[in-house]
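Model the full assembly from the supplied sequences, consistent with the hints where possible.
Following numbering that gives the first Met the number 0, the numbering of the sequence shown begins with 0 at its first residue and continues without gaps.
Don't take each hint at face value.
What the hints assert, rightly or not - Restricting the straight-line Cα-Cα distance to at most 20 angstroms, the calculated cross-link-like pairs of lysine to any residue (SDA-like) are:
1. K46 x V138
2. K132 x T268
3. K204 x R4
4. K105 x Q135
5. K234 x I221
6. K105 x E130
7. K252 x P182
8. K234 x D169
9. K165 x H99
10. K46 x P72
11. K105 x L146
12. K27 x T245
13. K165 x N94
14. K275 x C68
15. K27 x H17
16. K275 x H250
17. K27 x K46
18. K46 x F112
19. K129 x P182
20. K105 x C68
21. K234 x R175
22. K46 x I271
23. K27 x A207
24. K252 x A211
25. K252 x A207
26. K27 x R198
27. K105 x R175
28. K46 x V35
Hints are computed from structural coordinates only; laboratory data are not their basis.
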Amino acid sequence: MTTLRIMGVPEHFNLPWHLAIASGAFEKAGLSIEWVDEPGGTGAMTKALREEEVDCCVLLTEGIVSDICNGNPSQIIAGYVVSPLIWGIHTGAENTLRHHSDIYDKRYAISRFGSGSHLMPQVDALTQEKELKEDQFHVIRNLDGALASLSQQETDVFYWEKYTTKPYVDSGQLRRIGEFITPWPCFVIAATNTCIAERGEALGKMLAVIQAECTAFMRNNIFSIAQVADRYEQKAADVERWFHSTVWADHSKLNPQTIQNVIYSLMQTGVIEEGKDFDELVWNS
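Below is the structure:
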């Protein structure tokens with residue numbers, strides 16, 4: 000039995016992993032999967048990969064591409080969610096900010112530098128021919144930190160996955176003033192170079208199991224929607240809309256042009272100085 004330590008955010012996108020673990024699907028393939036929740040998001044996960052605290056992470060495409068280009072000794076091993084992410088753009092309930100178009104000179108709450116909540120506002124600004132300065136970003140660690148910061152008006156703007164934050168919008172803790180759709184597939188699976196070198200065969204088995212689980216999850220739509228609503232305490236109608244705008248990968252291939260598009264945006268925003276070749280970023284299994 001080969002052990003693999005996998006890290007991901009505690010959000011609905013990752014339910015197929017928990018279902019596969021609970022059903023024993025990984026064990027049948029000779030794998031022991033140790034799942035680790037990371038509420039801090041992609042920035043925290045790239046750090047965990049760098050320090051080899053885990054073997055693999057399920058994280059945002061732009062975040063891991065950026066960190067590998069900046070020296071993270073890891074590679075992308077497969078796509079995970081091939082549809083784009085819908086980012087909600089939020090402010091605090093008492094903030095006077097009202098429109099998406101007015102955010103570009105405001106204070107941004109981010110989980111950490113290099114996270115999606117840090118990178119995506121810059122990509123958004125790029126599309127509007129705007130530029131954000133480093134001192135506009137304030138680290139709040141996670142969603143709970145953002146709720147506190149926005150409530151106290153220490154920050155004005157916060158980007159986070161739309162349906163994860165919807166309960167807080169419904170309750171009045173947050174106000175959504177816009178949306179931004181990631182211009183590429185949103186989640187990939189990455190592994191450390193050490194794990195790839197030492198347990199490449201196990202990684203291949205892991206990908207086969209999770210891709211089969213994701214295919215089953217997409218097919219069993221009524222049951223899957225009910226599971227997500229119950230486990231993540233969301234309204235069934237919201238989950239239904241999210242489910243029917245989301246596509247999980249059923250294969251490991253990545254499109255080189257997708258990676259080039261990410262690198263272009265990261266270079267244009269100044270997040271990275273130069274890119275890497277596709278073969279340096281993506282594992283050729």
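Quiz item: Which hints from the list above does the structure break, by number from lowest to highest?
Solution: Those not satisfied are hints 12, 16, 17, 20.
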